[in-house]
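A.B. asks: Read off the chains here:
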Amino acid sequence: MSKRGPYPFQYGLDQQQDEATPRQWRSLDEYANAKEFKEALAREFPDGASELNGSSRREFIQLMGASVALAGLAGCRRPEEKILPYTRRGDTLVEGRPLWFSSVVPFYDTAIGVTVESHEGRPTKIEGNEKHPDSRGATTAFVQAQVLDLYDPDRSTAPREKDRVANWEEAIDALRKLGAAQKDKKGKGFAVLTEAHRSPTTQAQLDELKKQLPEAKVVRYSPFSRWASREGAKLAFGQALDAVVHVEKAKVLVALDSDFLHNESSPVKNARAFADGRRLGDGAKSIQNRLYAVEAAFTVTGASADHRLRASSRDIGRIAAAILAEVGGGGAGAQLDAKAQRFVKAMAKDLASAKGESLVLCGDNQPPAVHAIVHAINHALGNVGKSVEYVKPFSTDAEGPAAIVELAKAMSSGEIDTLLILGGNPVFDAPADADFAAALGKVKTSIHLSHYVDETSKACGWHLNRAHWLEQWSDARTDDGTAAIGQPLIAPLHGGKTDAEVLDRLLGGQRTAYQLVQATWQGQTAINFAKVWRKALHDGVIDGSAAPRVTPSAPGAAPALPPRFDGIEVVFAPDSHAYDGRLANNSWMQEMPDQMTKVTWDNAALMSPATFRKLALKQDGSWVEITVGGPNQKKVKLPALRTPGVAEDTIVVTVGQGRTAELKVGKGKGFDTYPLRTSTGFGFAAATASKVSGGAYDLAQTQEHHVMEGRPLVREANLTKFRSNAKFAKEPDAHNPELLSLWKEHEYTGHKWSMVVDLQSCIGCNACMVACQAENNIPVVGKSGVLMGREMHWMRIDRYYTGDDMEDPQAVMQPLMCQHCENAPCEQVCPVGATTHSPEGLNDIAYNRCIGTRYCANNCPYKVRRFNFFNYNKDMNELRTMQYNPEVTVRTRGVIEKCSYCVQRIQRAKIDAHRAGQQKVADGSFQVACQQVCPTRAISFGDLNDKESVVAKAAALPQQYQLLAELNIKPRTNYLARVRNPNPELG
Amino acid sequence: MASEKIDNTYEDPTHRAPLVLGEDGSFQAVSDRISSVVEVPIKKTAKPWVLLLLMALSGLALLGGALTDLIVTGNILPGNPSGPAGGAGTGRWGLNHPVGWAWDITGFVFWIGIGHAGTLISAILFLFRQKWRTSINRAAEAMTLFAVVSALLYPTVHVGRVWFLYWVFPIPNQMGAWPNFRSPLAWDFFAVSTYGTVSLLFWFVGLVPDLATIRDRATNKIRAVIYGIFALGWRGSARHWVHYERAYLILAGLSTPLVLSVHTIVSFDFATSVIPGWHTTIFPPYFVAGAVFSGFAMVQTLMLIARKAYGWENLITLRHVENMNKIMMATGTMVGYAYGMEFFIAWYSGNEYEGFAFINRAFGPYSWAYWTMVSCNVFFPQLFWFKGVRTSLGASFVLSIIVNIGMWFERFVIIVTSLHRDFLPSSWGYFRPTVTDIATFIGTFGLFFTLFLLFIRVLPAIAISEVKGILPQADPHHHDDHAHGKEAAHG
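First to last, the protein sequences are chains A and B. Using our numbering, the first residue of the first sequence is number 1, and each one after it goes up by one. Using our numbering, the first residue of the second sequence is number 1, and each one after it goes up by one.
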């Protein structure tokens with residue numbers, strides 16, 4: 001490195017930092033040519049980078065910009081990584097101070113931009129990227145948990161040829177030979193199976209492959225993707241298109257079996273827009289949108305809806321057809337029962353009154369025909385180009401369940417003899433009628449690139465270990481095409497490679513992931529690539545990369561719907577823990593309770609109490625056998641769970657659990673329901689269900705009582721009531737006389753930290769729970785621990801069913817963490833004074849002082865204090881310990897722990913303010929973990945003494961209330977009551 | 001006289017029935033009868049005693065196993081979950097969130113309650129000149145001490161980090177870290193330790209003349225020396241007796257408020273909290289009544305066995321049995337009143353959480369425990385209204401055990417049913433004991449009985465000097481009374 005001369009990238013050096021408008025990261029234009037960074041130029045990417053404020057941020061940009069600029073200019077030079085001793089570190093790196101890097105997480109046919117916190121080179125926490133349009137600072141629980149996957153000790157550490165552990169040299173050799181052989185055959189008999197990936201770099205490699213091997217087949221398959229929507233667009237408009245929805249532009253929203261706030265489309269973006277449209281603050285007395293949910297399962301979206309209609313998934317198509325007819329989109333409509341008819345009429349009227357400002361969404365589990373109808377509805381409502389836009393699909397490769405079945409057939413018939421599988425786990429998750437395992441057995445050469453030696457890897461000739469997105473350079477586009485670069489936070493722990501790298505090796509190349517990603521973008525940038533690149537890395541998003549909008553032609557006649565079947569239907573949904581199976585080995589996800597059922601570590605057959613009775617089942621956990629399909633009947637036995645709100649004669653099962661691969665956490669957890677899922681019944685299917693005798697299975701739920709017992713816990717009202725009495729939430733406390741205190745209370749002359757939780761915004765997605773777990777080193781206790789009632793989560797989301805009909809209730813969510821009472825019952829009873837009040841109003845615990853009497857936990861009316869019944873961190877895998885946040889004590893056996901209001905973040909902000917010469921921490925200069933991750937911005941945190949702060953203003957809103965305030969414990973956490981916006985016609 | 005059965009439970013308004021019947025009218029016989037238990041050579045120890053001691057020691061061994069399982073290694077006892085990597089921890093018990101206390105504090109309050117009878121008998125009945133107490137006070141005080149030891153075991157081992165328990169003590173240290181004097185657990189420490197200390201002193205002072213008796217009767221050197229040391233040079237002079245009586249009276253006066261204060265403060269653990277079902281002002285008197293209730297039941301159980309085993313029927317007479325039964329009936333009715341009043345206040349307060357807590361107690365998942373408690377503590381003691389039951393040894397024994405069971409359940413009901421369903425339905429849970437829970441509880445009985453059996457073997461279990469003082473023949477009018485007594489007995 002030192003032999004090189006200075007590099008000629010001197011542009012934009014003179015710009016000054018704009019201190020007045022703090023941003024997450026400075027523009028890369030601020031790259032400075034400071035001499036002391038010449039050293040750092042050699043590095044591929046610096047071990048340390050940005051800090052959020054002050055001069056060090058500037059230095060980070062210098063370092064960052066320098067290194068990437070170098071890399072960009074160095075062209076084909078193989079990037080080198082050198083380790084500098086801490087005695088010769090760059091100025092940005094201060095031990096004990098974290099750094100943040102932008103990256104991007106591909107997930108569910110889209111992607112989300114993130115910034116990753118790194119401590120001394122270890123990524124420890126994923127946070128949303130404010131600048132990324134699909135994140136805006138927030139993420140989902142699935143994304144939060146992925147940092148734990150990086151350090152999963154079960155990850156594959158080396159390529160394998162059958163059962164023999166090989167190395168990458170051999171693997172690359174085999175790939176090259178394979179590629180060369182295929183070139184002779186023009187790829188005849190060769191197929192590549194990819195996930196529903198969103199990486200332009202991978203796609204570029206695939207396109208190159210198709211060019212060099214024109215006979216080769218490329219198939220995309222993921223168990224959950226927007227395939228049906230694209231197919232539906234093809235049916236409606238004559239071309240496959242990706243819908244990009246703009247929830248913020250819709251005043252009337254209809255979700256047809258669509259969990260668009262949580263699991264489908266771009267959930268984080270959608271949830272934010274949805275919540276923004278109904279925030280009641282600062283004198284706003286109106287809700288801008290109204291959500292109708294028509295669904296079979298009770299989803300997070302359904303719980304957030306103003307109106308919810310229970311309908312079987314098989315009936316959604318006919319309901320859509322009825323809506324289409326009602327809004328004047330043509331078609332004959334459909335015969336519905338009286339309740340549905342009334343609902344649809346009112347809903348369609350509401351939709352029609354908001355033409356161009358409405359939006360109908362269709363769930364992924366619906367077949368393309370229903371999607372086509374929904375596309376037509378949006379077209380008829382004039383929403384196209386407004387609340388819904390269309391873009392060309394990311395890839396034109398064959399996709400969907402039929403494509404993989406076709407591939408499997410070709411494999412069985414010998415037509416395909418060589419298969420390269422990039423990611424995914426088709427042996428586990430392909431449609432049952434593909435019989436992928438058997439087909440794979442017939443293939444002569446099979447290679448699987450995967451994070452784990454999983455079900456598919458075991459059945460393949462070669463297994464190649466895949467690099468985690470936190471370990472390698474990558475890129476990904478969101479649903480509207482906006483791209484971001486994924487930068488690695490750590491060198492590959494086990495030397496894994498990316499999809500693009502493997503394809504490159506196959507085609508005889510030897511480029512690194514870094515070069516491949518750069519090559520992709522270099523080709524697409526007119527001038528000054530280095531500058532664009534640096535800005536992309538810095539911002540975490542590539543400006544102007546969104547796909548051009550396509551205006552589709554008027555839809556044709558609505559396609560015919562298949563005839564309705566009677567009896568039981570089974571509906572497939574992604575598992576809230578394992579997703580499609582990929583997160584099955586993630587203990588945070590496994591222990592995170594399902595949003596609605598609060599089940600951990602398992603999946604179950606969810607059905608309404610009436611269906612439960614119809615099947616003559618005795619108790620939750622009773623076994624039920626579900627059978628699907630005609631000649632090749634598939635049966636799965638799993639425990640039943642009564643779930644209010646699920647449609648009659650519908651059984652909802654999640655897929656993704658029941659892994660059989662050697663996964664220490666995930667193996668044998670839950671039940672594999674993929675055998676029920678076929679390419680024809682991909683979203684839902686006709687099924688029969690019968691009781692199986694033999695006791696009951698223990699389902700570990702974190703909440704076992706589901707109604708509020710008439711207590712004023714979650715306070716909610718309709719919009720009309722709110723308008724007439726904005727202070728309705730204070731009514732339950734109104735009769736209380738002034739309550740006195742036994743002793744002189746704290747005065748809080750400095751900061752007065754407080755949290756406000758807006759129940760109006762909270763959708764109950766659980767992202768905060770996992771973020772809290774990642775931030776605060778919260779242990780998992782396993783299924784047996786949850787069964788004993790010993791889960792350790794510092795915050796939980798209570799879900800209560802409301803309404804009189806327990807078959808068809810509404811649901812409300814309430815995040816609950818330590819309320820930091822000013823007159824805290826826990827503080828008074830601790831015999832050793834281990835939990836005390838800080839002058840800023842925090843209820844602190846000195847873990848060192850705690851002897852573990854548990855008296856405080858008993859006396860906590862919110863039951864948020866958690867006891868370490870065992871040493872849950874005992875014998876922890878060394879790799880796993882790398883994830884720990886070094887700013888938070890890892891607790892030992894026998895001590896109490898609970899939400900600290902992220903005291904470590906408060907302290908860091910105070911130190912930073914002090915160093916910057918400020919008297920007080922400025923509002924918004926830091927966020928607590930749950931606040932940061934929240935897609936709907938339901939949580940605000942700050943200083944109540946600062947009257948201009950967001951939190952002080954929120955706490956002063958009329959709908960503010962405090963939970964259990966009548967106990968005179970003076971909780972510091974405030975809640976904002978929930979207000980629904982029902983259609984007066986539906987009452 | 002001894003050969004004739006005298007019914008001293010008979011109430012003749014003109015003549016006082018004898019408090020004790022004595023042994024053949026001889027003071028010497030009383031000394032012989034009581035001391036012989038202590039003086040038997042080791043090899044001639046009564047077989048039943050050895051058998052009982054072996055059983056108690058098994059219980060003690062079980063306690064050792066349970067505590068090792070709990071604190072040191074984990075996984076010794078079967079059938080209960082462990083941490084992810086195995087190992088010991090409070091989780092070896094069945095506790096959870098929200099039930100942070102269950103069998104541990106139930107056991108603590110249970111044993112502390114049992115300890116109450118000792119001080120009540122020795123101090124309050126002494127001040128009220130209830131002389132019948134002398135036959136049972138020694139054993140009752142010993143029982144108190146051993147019950148306090150068993151009770152203290154629980155708060156000691158129930159904390160998460162046993163090795164830092166000493167932080168509860170107000171030990172001056174360079175960090176200036178003191179206990180939190182606002183915490184009822186800190187009050188507990190002072191209350192129970194004071195109680196234990198005073199009870200020990202009281203018991204020991206009362207023992208001094210009897211230790212001297214054993215010393216004086218000693219036939220071998222070792223016994224004479226050992227008992228001599230503890231007899232503190234007692235010579236039985238009038239001056240000794242004067243000092244002794246004064247000291248005893250002062251200690252009785254000191255102990256009397258402790259009878260009320262200890263369980264009052266133990267009840268504060270609950271009463272000062274915010275949890276519905278705990279947060280009630282009735283707790284102090286209710287707990288004291290309950291403690292006396294359970295204490296007498298335990299004395300009854302133990303004394304009925306001892307009097308049979310050692311032939312002390314003339315010292316611990318049927319009248320004693322009946323008196324204790326009467327006290328049990330009275331205190332049982334008091335706790336019954338408290339149960340009813342709790343319900344009334346829960347309704348009358350109009351507090352929905354309080355109201356729910358009590359309805360949940362009686363009809364919720366733990367209703368089986370609640371109705372066990374009510375039957376054992378309120379319904380069954382009402383049988384004592386019948387003299388036939390009161391004076392039947394078998395019935396007394398069975399009922400004393402029933403009361404002990406009921407009082408254990410009372411503490412369980414108060415602690416667990418209040419915790420398992422409090423304010424937020426989302427966090428409601430259910431507690432199930434584990435093998436370690438059960439082993440610990442049985443183990444405390446092992447500890448208690450081991451200590452008690454050793455006590456009976458090495459110390460005079462009945463206050464020799466005091467009993468002699470209330471023998472019929474110690475009364476100057478003995479012969480008159482005797483005649484009448486005989487008449488009454490036959491009449």
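I should point out that these hints are in silico values taken from the structure, not numbers from a laboratory. Note that the Cβ used here is the ideal one computed from N, Cα and C, for glycine as well. One should not assume that every hint holds.
Some residues of chain A that are not near chain B, with every Cβ distance over 12 Å (derived) [unchecked claim]:
id: 1; residue: Gly96
id: 2; residue: Trp168
id: 3; residue: Lys177
id: 4; residue: Leu507
id: 5; residue: Ile527
id: 6; residue: Gly694
id: 7; residue: Arg711
id: 8; residue: Gly852
Not the full set, but computed from the structure, chain A residues with beta-carbon under 10 Å of chain B [to be verified]:
id: 9; residue: Gln703
id: 10; residue: Val707
id: 11; residue: Met788
id: 12; residue: Ile797
id: 13; residue: Val829
id: 14; residue: Thr853
id: 15; residue: Lys863
id: 16; residue: Tyr884
id: 17; residue: Pro886
id: 18; residue: Val890
id: 19; residue: Arg905
id: 20; residue: Tyr961
id: 21; residue: Gln962
id: 22; residue: Leu963
A.B. asks: All the hints need checking, so say for each whether the structure fits it.
C.D. replies: Now the hints, each set against the structure:
The claim that glycine 96 of chain A lies off the interface holds: its Cβ sits roughly 25 Å from the closest Cβ of chain B, which is beyond the 12 Å cut-off. At roughly 33 Å, the least C-beta separation between tryptophan 168 of chain A and chain B is larger than 12 Å, which holds for a residue marked as non-interface. Every CB of chain B lies more than 12 Å from the CB of lysine 177 of chain A, the least distance being 45 Å, so the non-interface label holds. Annotated as non-interface, leucine 507 of chain A keeps its C-beta farther than 12 Å from every C-beta of chain B; the closest such distance is 45 Å.
No Cβ of chain B approaches the Cβ of isoleucine 527 of chain A within 12 Å, the least distance being about 56 Å, so the stated non-interface status holds. With a closest Cβ-Cβ approach of about 22 Å to chain B, glycine 694 of chain A is found to remain outside the 12 Å limit, as its non-interface label requires. Some Cβ of chain B comes within 12 Å of the Cβ of arginine 711 of chain A; the nearest lies about 7 Å off, and the non-interface call is violated. Against chain B, the non-interface label of glycine 852 of chain A is violated: not every CB pair exceeds 12 Å, the least being about 2 Å.
A cut of 10 Å between beta carbons decides the hint on glutamine 703 of chain A: the least distance to chain B is about 5 Å, and the hint holds. Taking 10 Å as the C-beta cut-off, the interface hint given for valine 707 of chain A holds, the closest approach to chain B being about 7 Å. Below 10 Å, beta-carbon pairs count as interface contacts, and methionine 788 of chain A has one with chain B at about 5 Å; its hint therefore holds. Hint status for isoleucine 797 of chain A relative to chain B: holds, with the closest Cβ pair at about 9 Å, below 10 Å.
Checking valine 829 of chain A against chain B by beta carbon gives a least distance of about 5 Å; that is within 10 Å, so the hint holds. At about 5 Å, the closest approach between the beta carbon of threonine 853 of chain A and any beta carbon in chain B falls short of 10 Å, and the interface hint on this residue holds. Hint on lysine 863 of chain A holds. Least Cβ distance to chain B is approximately 4 Å, under the 10 Å limit. Among the interface hints, the one on tyrosine 884 of chain A is violated; its C-beta lies about 16 Å from the nearest C-beta in chain B, farther than the 10 Å criterion.
A least Cβ separation of about 22 Å between proline 886 of chain A and chain B goes past the 10 Å threshold, and the interface hint is therefore violated. Given hint, valine 890 of chain A at the interface with chain B, is violated; its Cβ is 14 Å from that chain's nearest Cβ, farther than 10 Å. A distance limit of 10 Å between C-beta atoms decides the matter here; for arginine 905 of chain A the minimum to chain B is near 25 Å, and the interface restraint is violated. With a cut of 10 Å, the hint placing tyrosine 961 of chain A at the interface with chain B is violated, because the nearest CB-to-CB distance is about 15 Å.
Because the smallest distance between the Cβ of glutamine 962 of chain A and any Cβ of chain B comes to about 13 Å, over 10 Å, the interface hint for this residue is violated. For leucine 963 of chain A, the interface hint holds, the least distance from its beta-carbon to any beta-carbon of chain B being 8 Å, beneath 10 Å.
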